[in-house]
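Chemist: Here are the chains, one letter per residue:
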Amino acid sequence: MWEGDLVPSSSLSCGNSRSKDRGQAFTLEGVIAGVLILVVAYFLFQSTLIVSPLSGDIVDVQIRQYGLDALNILSNPQSDANDTLENSIAKLNSSVYPTELLNSLDTILPDNLEYNLEIAYFNITTNQTGIYPITNKSNPPDTVTATKIIVLRNGQLVSDSPFKVPVNYTDIESVSNSEFPVVLEVRLILWRI
Amino acid sequence: MKSMSTKKFTDDENGQILIIMALLISVLLAGLSLLYTQNLLAGTESALTQLNFPKNEIRDLNRIVEEQLVYYAINNPENFLTYVRELDKQITMMYALHGAYADIDVYDVKTNINGDITSFSVKIIFSNAVVDYEHTRQIVI
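So the sequence lines, in the order shown, correspond to chains B and P. All residue numbers for the first sequence refer to the numbering used here, where the first residue is 1 and numbers rise by one. All residue numbers for the second sequence refer to the numbering used here, where the first residue is 1 and numbers rise by one.
Calculated from the structure, these hints are not laboratory results. Any given hint might turn out to be false.
Unchecked claim - Residues of chain B placed beyond 12 Å of chain P at every Cβ, according to the derived structure:
hint	residue
1	A33
2	V96
3	D106
4	P110
5	N116
6	D160
7	W191
Unchecked claim - Going by beta-carbon spacing under 8 Å, a handful of chain P positions derived as facing chain B:
hint	residue
8	Q16
9	I17
10	L18
11	I20
12	M21
13	G31
14	S33
15	G43
16	L48
17	Q50
18	Q68
19	N76
20	L81
21	Y83
22	E86
23	L97
What the hints assert, rightly or not - Result set (SDA-like, lysine to any residue): computed pairs, CA atoms no more than 20 Å apart in a straight line:
hint	chain 1	residue 1	chain 2	residue 2
24	P	K89	B	N177
25	P	K89	B	T147
26	B	K164	P	T92
27	P	K89	B	R153
28	P	K55	B	P166
29	P	K55	B	D69
30	P	K89	B	G130
31	P	K89	B	T125
32	P	K55	B	V59
33	P	K89	B	S174
34	P	K89	B	V59
35	P	K123	P	G31
36	P	K89	B	P166
37	B	K164	P	K55
38	P	K89	B	S178
39	P	K55	B	D60
40	P	K89	B	V151
Small disclaimer: the values here were computed from a predicted structure and weren't measured. Just so it is clear, CB atoms sit at the ideal spot from N, CA and C, and this is done for glycine as well.
Between the sequences and the hints, there should be enough to build the whole structure, so can you do that?
Modeler: Given below as structure tokens:
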């Protein structure tokens with residue numbers, strides 16, 4: 001210390017013993033505060049799980065949910081409406097396009113979503129699965145697919161339906177051709193635009 | 001005579017507080033960044049769980065049992081098991097497209113003296129990389 005200097009006003013100055021003590025108290029306070037923060041952080045991590053919408057996957061979940069909701073709304077086997085999945089797919093052939101179904105999908109889905117619709121089916125005579133695309137828009141690589149399994153009976157399908165089970169197969173089984181079950185998977189492929 | 005820099009080193013002890021506060025703030029920042037990371041991980045994990053968990057597939061199986069099997073039991077009791085077998089075959093193929101196994105087993109079919117089905121038991125099985133689901137139900141017509 002320089003000769004003639006006044007005692008510094010800093011509380012942590014080591015100029016006299018009282019100031020030294022206050023400095024130690026501050027240090028102790030700091031350590032206690034640090035421990036307190038660590039304890040609070042520890043209990044926070046242990047006791048809570050915060051689900052954040054920050055992840056990009058949440059967006060995929062939401063898009064998929066939109067698709068599933070749309071398919072569930074449009075699936076109604078008891079309805080006579082033309083835009084249900086069952087009625088639209090039952091009438092589907094190479095010349096019939098399910099315009100009403102697609103219009104309803106356009107209405108239900110948000111404007112920022114684009115989609116392709118296709119039907120997966122099992123060809124019972126060849127024992128192979130096939131895909132029947134209804135729309136064929138070019139899609140980006142990151143799409144989300146919502147699916148729904150529907151069951152129709154062979155008699156509900158139009159005569160030239162791509163999903164029709166031939167009579168000779170049901171004859172082997174000795175069951176009614178019109179009552180034969182046809183399992184189809186409706187695939188709604190969604191992406192953001 | 002001491003230089004100014006020497007005076008600072010020996011007399012100015014605010015440095016203690018600065019170091020401790022810097023330590024505290026860095027611990028706090030580290031804690032917050034950990035919380036943020038945990039948050040992100042939890043969000044991703046829960047989103048993936050929702051995406052992968054096959055609740056709709058299982059729901060579809062239950063719906064098919066309630067609607068189609070009941071329909072065939074009422075309207076085609078004599079060929080009920082044949083239709084169920086064909087239905088099961090196609091369902092298994094459809095679910096196999098997604099790397100999953102699904103099966104509908106009907107057993108214990110009870111009929112009355114007229115040959116009408118009064119009840120049957122059905123075991124619904126679904127299995128994929130995430131879930132093994134098995135559920136037995138008795139359907140009374």
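Chemist: Of the numbered hints stated previously, which ones are contradicted by the structure, given in increasing order?
Modeler: As far as the earlier hints go, 1, 10, 14, 20, 28, 34, 35, 37 are violated by this structure, in ascending order.
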